[in-house]
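**Q** Quick note, the sequences are listed as chains Z and U, same order.
Numbered per the numbering used here, the first sequence spans residues -11 to 103.
Numbered per the numbering used here, the second sequence spans residues 2 to 116.
Hints may be right or wrong, so weigh each one.
[Stated by the list, open to error] Straight-line C-alpha distance at most 30 Å; calculated DSS-like pairs for lysine-lysine: (1) Z:K66 to U:K108; (2) U:K50 to U:K69; (3) Z:K3 to Z:K66; (4) U:K108 to U:K69; (5) U:K108 to Z:K3; (6) U:K111 to Z:K(-1); (7) U:K108 to U:K50; (8) Z:K5 to Z:K66; (9) U:K69 to U:K111; (10) U:K108 to Z:K(-1); (11) U:K50 to U:K62; (12) U:K50 to U:K111.
The hints are simulated quantities; they were obtained by calculation from the structure and are not laboratory data.
Everything numeric in this text was worked out from a predicted model, so none of it was measured.
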Amino acid sequence: GAGVSQTPSNKVTEKGKYVELRCDPISGHTALYWYRQSLGQGPEFLIYFQGTGAADDSGLPNDRFFAVRPEGSVSTLKIQRTERGDSAVYLCASSWGRGSGNTIYFGEGSWLTVV
Amino acid sequence: AQSVTQPDIHITVSEGASLELRCNYSYGATPYLFWYVQSPGQGLQLLLKYFSGDTLVQGIKGFEAEFKRSQSSFNLRKPSVHWSDAAEYFCAVLNYGGSQGNLIFGKGTKLSVKP
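If we strip away everything but chain Z, and leave its shape as in the complex, we get:
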């Protein structure tokens, strides 16, 4: 597609449930990032993939959060035993290749509400 695509756009789940959020990056982009944006805050870095491997997962808040990118394209962010504090917009982004100078393109986000 033309841009970064994220599904679902909205997800309401009950506390304690498992959730998966999907990201389809721009075609050809080898770098993929996940961010989380809580209400009234700026985005917070979660994880960065270069190809299939997680090059930097320093932003994952705890072991309930996990992300995969098995074929180096689509990525899934997985949240186990969801808590109300996990409610946020989860943003996916991608960029071409390696280097901090490459422009990062963001998707519209997946709004997660935990009730």
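Go by the hints and put chain U onto chain Z.
**A** Chain U only, in chain Z's frame:
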């Protein structure tokens, strides 16, 4: 730890007036700095970035920003605001010691434009 401060939560300007959005960062060495814009229903879009060299950086949509090391600032400016500029603006710095794409964002400044 590095941080980014955007002192103004909400700014209202008249259409055609000039705009300056403030951003201060904390970091000892030369930072990599970014400005992003977030409009409802759209993903974050990069306006401009500063890595080194000329301290006045030109971006898209008529925006510019000036890096001032002595003030630890990277303020965003536009000489004449258009109604379509109403959005939320985020300043960000590359996390030193982190990977590419590991950005630290400010909390954002919401811009409203009066007709």
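**Q** Each hint: holds or not?
**A** The hints, checked one at a time:
Between K66 (chain Z) and K108 (chain U) the CA atoms are separated by roughly 25 Å; this keeps the pair inside 30 Å, and the hint holds. For the hint pairing K50 (chain U) with K69 (chain U), the CA-to-CA distance comes to about 14 Å; that is within 30 Å, so the pair holds. Of the pairs offered as hints, the one joining K3 (chain Z) and K66 (chain Z) holds, with about 14 Å between alpha carbons and a cut-off of 30 Å not exceeded. Restraint check: the Cα-Cα separation between K108 (chain U) and K69 (chain U) comes to about 20 Å, which is no more than 30 Å; the hinted pair holds.
Between K108 (chain U) and K3 (chain Z) the CA atoms are separated by roughly 27 Å; this keeps the pair inside 30 Å, and the hint holds. Between K111 (chain U) and K(-1) (chain Z) the CA atoms are separated by roughly 25 Å; this keeps the pair inside 30 Å, and the hint holds. For the hint pairing K108 (chain U) with K50 (chain U), the CA-to-CA distance comes to about 18 Å; that is within 30 Å, so the pair holds. The suggested pairing of K5 (chain Z) with K66 (chain Z) holds, with an alpha-carbon distance near 11 Å, which does not exceed 30 Å.
Of the pairs offered as hints, the one joining K69 (chain U) and K111 (chain U) holds, with about 23 Å between alpha carbons and a cut-off of 30 Å not exceeded. For the given pair, K108 (chain U) sits about 24 Å from K(-1) (chain Z) by alpha-carbon distance, which is consistent with the 30 Å threshold. With a C-alpha separation of about 14 Å, the suggested pairing of K50 (chain U) with K62 (chain U) holds against the 30 Å cut-off. This hinted pair checks out: K50 (chain U) and K111 (chain U) have alpha carbons roughly 20 Å apart, not beyond 30 Å.
When held up to the earlier numbered hints, the structure conflicts with none and fits them all.
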